[in-house]
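Asker: Kindly produce the complete structure, drawing on both the sequences and the hints.
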Amino acid sequence: MKFAFTDEQQMLRDTSQAFLANKSTSVAVRQACSSPERHDTALWQSICEEMYWQGILIPEHVDGLGLGWVEMAIVLEAAGERLLTSPLFAVAQSTAALVGCPASEMRDLLLSSMAAGKVMSLAMGNQSVGWDSVGVTASETSTTTVLSGEARFVPFGFAAAKLLVVARDASNALTLWVVDPQQDGVFVEPTPTMDQTRPMATVRFEQAAVTSDQLLASHADELVSDTLALSRILTVADQVGVAQASLDISVDYAKERSQFDRTIASFQAIKHKAADMMLKVESARSLLYYAACTVDAWLAGEVDRAALHEAAFMASACASDAAFFNAGSGIQMHGGVGITEEYDIQLYFKRARATESYLGRPSEMREAIAYQLLEGDVA
Amino acid sequence: MKFAFTDEQQMLRDTSQAFLANKSTSVAVRQACSSPERHDTALWQSICEEMYWQGILIPEHVDGLGLGWVEMAIVLEAAGERLLTSPLFAVAQSTAALVGCPASEMRDLLLSSMAAGKVMSLAMGNQSVGWDSVGVTASETSTTTVLSGEARFVPFGFAAAKLLVVARDASNALTLWVVDPQQDGVFVEPTPTMDQTRPMATVRFEQAAVTSDQLLASHADELVSDTLALSRILTVADQVGVAQASLDISVDYAKERSQFDRTIASFQAIKHKAADMMLKVESARSLLYYAACTVDAWLAGEVDRAALHEAAFMASACASDAAFFNAGSGIQMHGGVGITEEYDIQLYFKRARATESYLGRPSEMREAIAYQLLEGDVA
Amino acid sequence: MKLTFTAADEQFREEVADWLNDNLRDEFADIRYRGGPGDEHRFVDERKAWERRLADGRWTCIGWPETWGGRAASIEQQVIFHEEYARAGGPGRMGHIGDTLTGPTLLAFGSEQQKAKYLPPIRDGVAFWSQGYSEPGAGSDLAAIRTKAVQDETSGQWKITGQKVWTSLAHESDFVFVLARVDRDSSRHHGLGFFLVALDQPGVTIRPITQLTGTAEFNEVYFDDAVCDAEDIVGAPGDGWKVAMGLLGFERGVSTLGQQMLFQTELDEIIRIAKSNGASRDPDIRQRIAEAHIGLKTMRYNSMRMLSGGEDGSLSREAMIYKLYWSSWHRNLGKLAMDVLGPEAELIESGPYELNKLQSLFLFTRADTIYGGTNQIQRNLIAERALGMPKEPRGPGK
Amino acid sequence: MKLTFTAADEQFREEVADWLNDNLRDEFADIRYRGGPGDEHRFVDERKAWERRLADGRWTCIGWPETWGGRAASIEQQVIFHEEYARAGGPGRMGHIGDTLTGPTLLAFGSEQQKAKYLPPIRDGVAFWSQGYSEPGAGSDLAAIRTKAVQDETSGQWKITGQKVWTSLAHESDFVFVLARVDRDSSRHHGLGFFLVALDQPGVTIRPITQLTGTAEFNEVYFDDAVCDAEDIVGAPGDGWKVAMGLLGFERGVSTLGQQMLFQTELDEIIRIAKSNGASRDPDIRQRIAEAHIGLKTMRYNSMRMLSGGEDGSLSREAMIYKLYWSSWHRNLGKLAMDVLGPEAELIESGPYELNKLQSLFLFTRADTIYGGTNQIQRNLIAERALGMPKEPRGPGK
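Protein chains in written order, with our numbering: chain V, 1 to 379; chain E, 1001 to 1379; chain Z, 2001 to 2398; chain F, 3001 to 3398.
It is worth saying that the hints were derived from the structure and are not from the lab.
Hints should not be assumed to be uniformly reliable.
[Unchecked claim] Computed from the model, here is a short list of chain V residues facing chain Z with C-beta under 10 Å:
1) Q31
2) E105
3) L347
[To be verified] Coverage of chain E stretches by chain Z, computed from C-beta distances (three or more under 8 Å per stretch; other residues unrestricted):
4) 1003-1009
5) 1034-1043
6) 1268-1276
7) 1309-1318
Backbone N, C-alpha and C define an ideal beta-carbon position, used for all residues, glycine too.
Answerer: Below is the structure:
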């Protein structure tokens, strides 16, 4: 029992923060968002080549680092702190899904291709009808299988070399496919969103033919459900970073800003808000690292799925609240300048809002916990 | 359109407050609660003889004052402010129910008897299974009608000369009866509660025979439902008083108490809490007087039942929140002494808690409003 | 205490509704429901034309005395006008500041000359005003203003130098009233003057401030020896604070009821969406919709109390909570809108910053709890003025 | 970072569980789950006897060094002990203050003589301690202490005069540690001494304070020339503040995990009731039960971080939020209990003040956010110490 970073983890944290402080500056983030690629491709390259973050969750035998979820959380938290605009989340999510698939040549090929820096995105749900719905079907024709329907909010889908697609088959079971975004019947479009730092795409399938070697997993309901839980935990890491940075920049601003002959940081109204913000982010951080440890334990067979899902629900409820509260309170602490384009706090605010509802709102997470507690099942 | 007190209403407010400041002191309330009668019978007598508050809602032709609900709210608010321990609420509630009954000799007899100072209590629900349930049945035997079952949280039921009893008949419709607490098969017991300033009774009926002249209303479902709404509004008046007094005594204490070489009333943490308390009580007060005006308009046939119920739901949600928040925050503003028996804030806190759940919690009131808004019906 | 209107009032209501029905159409059809909070920068020319149409019908400045072209409308009538205006989808009023702030201020504190010069163009819907209070260093602490006004000893003309910020729609306005320091040795609320300044002059530079929405309703206004004639100072030099505070008092009037009608439109839209997309089945959403509904009613009856009482002009308790209440309510409404929309909330029409109405609502309402006195300042004021709690010690923390 | 225990630790867990199973029975069966918060005044004699039984098994003071009869238990072992103790329904510890506050304080700051005199009776479960910090005028502002200690020049004996308040279970204790002013010209945290004082002496009067529950766990303790021998001051005269602050640091240790196990018992009871009375179908209750569950887990992992890190002894961020977190959480739990009970919540067994466990929880948790530093003070501390925000200016408001 040791709920503190190892020396290696501490070092990973320090180097991640230092790297991003240098590369993902306020100016750089704005440039990345408004560039045609919607991110800084050179930065992604240097992440892949110098930091190798894309390989954290990828097993060593397919050229990854084979590290654990605590390491992944450390890096994504640092990414959130600096509003990093990059396919890191998309790649981590795709890795999580692939690692859960039955072993296959295709799976390993995809993993090692990601380890080499290829972007992949998971096309999971159709969030216009709910965050855990699936809008793509896989139907058998006389000659082949075709995918039809739409997946929305596919992270960095427009930049993906391959798309992992969740589809419902004729027997109503979920299946997971890999498709090439260039192939016939696949249409990928960037989806402009309020938060520009985590760009999304809509992927539409019009009778897109797939072959059996593109099938990564059938009867994948548990896999998809678990991947959703894992995706929440990845998002939580981002939210903890956003919550922390919102606190930090707001306290810094409050220390600079004078009104009534005092820095506003000396007013109890400001101090107590900041204290509440710290309480929120530290709590979310505790649940993040608990959840990360739980994933590692689940992968090692030490705890069951219920523990994994509970950890994800709890961490998501807490971190979503923390990020939104801290970014919103941060705007208030900034006063008038908080709502100007010039200051960064509004960027954190938009990112906090986007992630808060991305895979279910806090009240939905709490209801899922209540269901576990009161009806005694995994939701 | 004039949403301010008339001169007469202002005078009623002033005299009520002055009377109670004198009679319902901190010491007097404590004595009343611990007396065998659970209230100060002499005070009740002087209320009935000097102030005539029991007659406010009773029509003039049966010896009442025939005033309106704004006047009733004014007096009950003052009562809440001073933690008045008296059957005033019970009498007002009984009056509200009786006024809604079809005209009958018995009804008028009961009203004029209340005008003369007799206490009556409404035995409405069985709150152990929900605040709007009815636990008494009226069943026909071969010879007579008998009441069976239990009504709980009957205000001042132990002191009532007559009990008004809601019972469900064989056709599943509600009926309203008057019974004598002394009659065979009726058992009244005081119910010790955490809040001792609004004492309650449990009334049990064991095959209590009733005759047709005791029947005040049949097919009384709407009458009972409306009486529930009216009871909520009476309770709201009490809550506004509790919320106001909790604010006042806490601000007074904060102005007296010094820490760190300052009165604690000069700290923003205290000031802002007090400001929030004021916002809550003023808002609840606005909805209270809106609701009181709405009752008057409803009685005059100017608005429909939906408006009455909406006003009651809204005011109850808001005032329950205000009273509990203010009394709870008041304890916090008092610091250590706030949780001692010696200070009054804890009495307000207990009264706030008791009234908060008495006829439905705020979340239940909000759900009822949501139902009206989203499903478009009166609940 | 009574909430119903008289027959005469109801007749007035009909008159207003009929006129709006007859006029808010044809060339003005497109601006119905436009130009509200978060949308203030849209349809500016059309809304200026609409002000002239209103003026033709005697519907500008209805609270002003008849001498100055108003209707000396009673509180009830003003309430009714605002309700019907909002109900009809009347666009955000370009003449709002002139009508409800400049006008009452000049009527209370202005010289006869100032009234004659400035009131008629406001009344006629041809002169538009903005306000110059806040400065970069004087936000919550308004008395810290540093903009200075120096009087030319011979001409009597004032030269104003400094910077104002958060000046709403300055680039679309003709005039600005400016609070500036006339006595360079003065501090805080002493030694200030209240100036009526034309914006179209060389000494004034207006720079838009881009908001988190990508739009720019607010401006920075730079004064560099901007000219203000001797007769265009309201009250005596040194009386500026008194005038400015009087003006702030006018902000909490019957227009709050018009504001609430706009809020009702927003809430109705959110309820409509919730019903259509199934969000109305979510218990959390249901609670919050009910809370929003109750809050709006609460504001209404808070306003009614505020308008019915306090004849002595002092700010009553219910008036003091008004800003804190509505700003918090509106901010919560913005969040509710997003949660009702669900994942759709993120989607914007095309490129960055083409926000839909509810997204603008969500983002802009973060400003509501800041401008015009932050929630923190409001709570200070309530505690100090309404509850008699002591001010904090001044001076730097350690 | 790893959350599982080693095999050796798991074996230790078994040992603890077995011992408790063997001993928490027969004459101690009745005190299982008793004497917790809000119930501290019950079964005092039985719980004192239980302390002696614990001592026989070497289960008192397990964190102390073996020299003083402890087990020098690792953090993991202490965590395990607290978990198993709570799981077994171990009663509220009468020896808590001696074990976790007096002991560590004397081990860190005490003389050898003091250790020899005071530690063994604590270790053996025969001496019970209470704390004398707060005074009527020194609550949140602890440094405003006015109780004074005067040293007799010849005997060296100290005479203590003043009043302490909120002294938990003083009437059931043998000793109290008292923070008192040794230098009458000193102010604030200077010139204080930290005294070990016997309660059974003529100079000490103990008066119970009746709480809102009708019970009296807390006391006022009056010192009127109460005697304290020269060798019973901890540290030098004038070092009292340093000692006292060190002691406060010990409050946030592994015992937090034991506290959480008690909280879990309370939450489990509430969940049980909600399931049985149908409250579990209420969406608002469901949200709050989930929130309580998440909050408890949050505290657990906050504690785990706190216990795993900060080897340098400085109070880490997660330690600083602990009091604020648990007190608010517990207060909310009390309210949740009432709402789950529904109307039943009001009913008490018989006459006034025979409260059931959940009612006591509800009422007593209002104290949680006050004693040991109010939530307001906690937020000040977090802002100043963790976030480096400035202290407020001192002096009276105006």
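Asker: For every hint, state whether the structure bears it out.
Answerer: Hints, verified against the model:
1. Look at Q31 (chain V): its Cβ only gets to about 13 Å from chain Z, farther than 10 Å, so that hint breaks.
2. Interface restraint check for E105 (chain V): the shortest CB-CB distance to chain Z comes to about 35 Å, outside 10 Å, so the restraint is violated.
3. For L347 (chain V), the interface hint holds, the least distance from its beta-carbon to any beta-carbon of chain Z being 8 Å, beneath 10 Å.
4. Counting residues of the region 1003-1009 of chain E whose beta-carbon sits less than 8 Å from any beta-carbon of chain Z gives 5, enough to reach three: the coverage restraint holds.
5. Counting residues of the region 1034-1043 of chain E whose beta carbon lies closer than 8 Å to any beta carbon of chain Z gives 0, which falls below the threshold of three, so the coverage claim is violated.
6. Given as covered by chain Z, the region 1268-1276 of chain E passes the check, having 7 residues with a CB less than 8 Å from a CB of that chain where 3 are the minimum.
7. For a cut-off of 8 Å, the count of residues in the region 1309-1318 of chain E with a CB near a CB of chain Z stands at 3, and the three-residue condition holds.
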